[in-house]
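Novice: Here are the chains, one letter per residue:
Number of protein chains: 2
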Amino acid sequence: MNGTRIADLGDHVGDEVTILGWLYNRRSKGKLHFLILRDGSGLCQAVAFKGKVDDDLFESLGRLSQESSVIVRGTVKRDDRAPGGFEIGVIDATVVHEAEEYPIAKQAHGTDFLLTNRHLWLRSRRPYATLRVRHTVIRAIRDFFDDRGFTLVDAPVFTPSACEGTTTLFEVDYFDDEKAYLTQSGQLYMEAAAMAFGKAYCFGPTFRAEKSKTRRHLTEFWMVEPEIAYADLDDVIALGEEMLCEIVARVLDKNAEELEILERDTAPLEAIRAPFPRVHYDDAVRALNDGGIEFEWGGDFGAPDEDFLSRQSDRPTIVHRFPAAIKAFYMKRDPEDERLSMSVDFLAPEGYGEIIGGGQRAEDLGYLQEQIVKHGLPEEAFKWYFDLRRYGSVPHGGFGLGVERTVAWICGTEHVRECIPFPRMLYRIYP
Amino acid sequence: MNGTRIADLGDHVGDEVTILGWLYNRRSKGKLHFLILRDGSGLCQAVAFKGKVDDDLFESLGRLSQESSVIVRGTVKRDDRAPGGFEIGVIDATVVHEAEEYPIAKQAHGTDFLLTNRHLWLRSRRPYATLRVRHTVIRAIRDFFDDRGFTLVDAPVFTPSACEGTTTLFEVDYFDDEKAYLTQSGQLYMEAAAMAFGKAYCFGPTFRAEKSKTRRHLTEFWMVEPEIAYADLDDVIALGEEMLCEIVARVLDKNAEELEILERDTAPLEAIRAPFPRVHYDDAVRALNDGGIEFEWGGDFGAPDEDFLSRQSDRPTIVHRFPAAIKAFYMKRDPEDERLSMSVDFLAPEGYGEIIGGGQRAEDLGYLQEQIVKHGLPEEAFKWYFDLRRYGSVPHGGFGLGVERTVAWICGTEHVRECIPFPRMLYRIYP
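Chains as they are written, first to last, in the working numbering: chain A, 69 to 499; chain B, 69 to 499.
Please note that the accuracy of each hint is not assured.
Since the list gives no way to pick out one identical chain from another, each pair is judged satisfied if it fits inside one copy or across any two copies.
Stated by the list, open to error - In the EDC-like style, the derived pairs of lysine to aspartate or glutamate whose C-alpha atoms are separated by at most 20 Å in a straight line are:
id, residue 1, residue 2
1, Lys451, Glu168
2, Lys451, Glu169
3, Lys451, Asp432
4, Lys279, Glu246
5, Lys322, Asp211
6, Lys118, Glu418
7, Lys322, Asp215
8, Lys395, Asp300
9, Lys120, Asp160
Calculated directly from the structure, the hints in this document are not laboratory data.
Treat the numbers as computed from the prediction; the structure is a model and nothing was measured.
Use the sequences and the hints to build the structure in full.
Specialist: In structure tokens form, the structure reads like this:
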């Protein structure tokens with residue numbers, strides 16, 4: 069079935085085209101019907117004149133319900149006042165399906181109602197624009213790594229054990245009473261991949277069974293995790309910085325229209341350039357206390373702390389060398405201060421919180437074996453992981469970037485649940 | 069940490085470079101050590117002359133164990149006899165880590181042993197080449213859809229119910245005694261997405277709890293599922309055909325070296341051009357019986373039937389219009405024969421079996437409600453899906469392509485388990 073996409077109307081001024089779409093909105097004025105059509109690539113206005121189209125058709129267009137599917141044939145002309153910049157003079161139209169009364173009207177709805185109707189809400193302008201940005205972000209990330217010689221090595225979803233402890237794991241009944249757990253991070257697998265491919269990344273859904281209802285949590289979210297052999301903490305930081313710059317630049321380039329729909333001020337996005345400020349954990353603690361926020365050395369940052377720290381700059385803030393005690397077992401110790409780890413978090417500006425967590429990994433087998441015991445993790449499950457330190461261990465590191473948090477920041481969206489097509493949360497797995 | 073990638077040596081002939089890698093193999097001959105190095109981007113030969121490097125170093129290189137990590141500095145020269153076409157004259161070297169005796173030796177190992185050591189086996193040539201091809205296949209698929217105006221709309225992994233029945237579902241303990249199921253297909257969600265974005269696709273891991281041990285089954289595999297609004301069966305077939313041509317052409321272009329490592333005859337791949345033969349189910353049944361294979365009209369094809377059918381052509385075989393009774397509830401009926409459905413399978417050539425399944429979906433609400441009851445599916449779970457037929461239903465369709473089966477075909481690999489980095493099967497979720 070061939071039609072012209074609304075996004076391509078600019079190439080067809082003066083031509084007769086066929087639009088395959090849905091009625092997004094309608095306004096009638098005497099002998100005129102103004103139909104706003106959507107087809108998934110954009111919006112355009114089609115105008116039907118009484119007398120120029122069949123009388124029965126004119127009448128039926130006048131009572132066509134919102135979200136009815138309709139095929140419109142007409143001539144394209146430029147019209148700066150029309151949404152999208154073009155107008156179609158209707159010659160003929162076919163109503164494919166008359167919609168029942170559409171539940172999402174123009175008035176405001178509660179978020180719960182909208183999430184329950186997520187399958188329809190996707191057709192509205194804000195979700196549409198947000199997910200178009202998400203598409204760009206994901207493509208930018210993949211291109212970034214592919215163009216730099218990284219190999220995509222997808223980590224498994226089913227894992228025999230937890231990477232960073234077992235408290236937030238989803239358990240699955242595998243076969244014959246065996247249990248499997250849904251991945252929380254592909255990192256350990258990426259360490260194996262980095263030793264084989266030099267530079268590798270995985271990019272897939274990740275799961276956290278956190279009983280958390282904050283605006284930053286989903287039980288299912290997408291994460292990209294690059295890992296590089298022969299890399300130190302500085303390399304990891306430089307990679308994350310370069311990647312974020314490229315993601316933001318790509319969205320500014322490709323999604324001007326979507327950012328406008330979202331009423332996103334683009335000035336803060338245009339300010340995202342390297343270098344980002346790099347703050348040692350010790351200095352971050354000092355800055356918090358100097359700023360009147362009570363914070364004890366050794367703790368992890370909460371949302372208010374991150375918020376304060378991220379607002380010291382108009383660029384993402386890089387906090388490095390967190391205390392080893394609050395980080396995962398595989399983090400390398402800081403050779404300059406044994407209490408610290410070679411870890412790093414990137415905090416998005418404007419208070420959008422942590423979007424990247426990563427660091428340099430410990431290379432030494434003995435140290436890791438000790439840590440597994442200290443962290444109370446099952447040694448048996450990490451046997452294969454230890455092999456990476458038995459056969460050609462090298463300095464290496466990487467990070468994880470949460471896609472939905474990144475999209476929330478770029479779109480200026482308060483809650484991550486709007487940044488994934490079908491959000492899964494504590495009390496929501498429908499639709 | 070900066071070095072030159074082996075893949076880039078061609079740009080550095082005559083230069084002094086530093087390779088950050090691992091010892092893949094070694095041969096010593098009097099005053100010479102030939103070191104085969106790998107760094108994840110390729111292999112190269114480094115030659116150390118006694119007298120030209122420090123004596124202690126020369127000696128230690130002579131007993132360096134396989135898979136030890138080593139940094140080698142030296143001068144690049146062209147040498148057609150060397151693997152990769154270049155040779156490095158060693159000036160200096162640093163052993164980063166001396167490997168214990170490497171478990172994967174040059175002699176043959178059983179597949180079970182290799183799968184248990186998958187984290188190390190990735191470093192070997194065949195797995196490396198196969199996963200490089202997988203990388204290309206996935207990138208080609210994403211580019212294909214992105215470049216044609218499709219929007220990536222990731223389907224959820226956690227679903228409240230089964231798309232095509234409940235017998236092969238993995239069950240997860242969600243919160244507060246709620247159950248969730250791991251997705252078997254994102255299709256129903258993509259139908260919602262197609263109504264919002266016109267053209268949409270999802271691309272993620274998919275799960276089947278089949279107690280199957282064939283060479284074509286994984287419990288976790290990657291699938292891309294495009295869906296188009298205002299599309300009929302012919303559009304779906306044309307899309308699949310074009311996509312497969314592009315995937316194969318991309319691999320031939322990017323992975324000549326990998327296909328050589330895999331000893332893949334590329335002639336059958338070079339033959340993959342549109343149009344592919346299109347065979348009506350009725351004709352397929354006839355062809356089977358004419359070919360001496362007993363097959364009763366109404367049944368689904370087994371592996372031997374697919375094998376026979378796919379070998380009638382050197383291109384993928386498109387079988388369309390299967391009996392409705394053996395296809396999912398959402399398939400549109402063939403208006404020319406009510407017993408048939410507007411469904412399609414693509415069979416890879418050379419006996420690699422089904423790689424695409426898809427079709428045109430039923431648009432009519434009443435028909436779908438009836439089918440849900442007939443198939444014994446829980447109506448409540450499909451309430452949201454029915455909405456897609458209440459509000460602007462349109463002809464639409466799409467398909468699912470299994471990534472690992474496609475990679476198996478292109479690489480000429482017998483078993484799909486080698487076509488995913490960390491395969492999950494009936495009795496395997498480790499490492």
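Novice: Run every hint past the structure and note whether it holds.
Specialist: To see whether the hints hold, each was checked on the structure:
1. Lys451 to Glu168: between (59 Å within a copy, 15 Å between copies)
2. Lys451 to Glu169: between (59 Å within a copy, 16 Å between copies)
3. Lys451 to Asp432: within (14 Å within a copy, 55 Å between copies)
4. Lys279 to Glu246: between (25 Å within a copy, 13 Å between copies)
5. Lys322 to Asp211: Both: 14 Å inside a copy, 16 Å across copies.
6. Lys118 to Glu418: For Lys118 and Glu418, the Cα distance exceeds 20 Å both inside one copy (52 Å) and across copies (61 Å).
7. Lys322 to Asp215: both (19 Å within a copy, 13 Å between copies)
8. Lys395 to Asp300: This pair counts as within: shortest intra-copy Cα distance 17 Å, inter-copy 53 Å.
9. Lys120 to Asp160: within (9 Å within a copy, 84 Å between copies)
Hint violations for this structure: number 6 only, all remaining hints satisfied.
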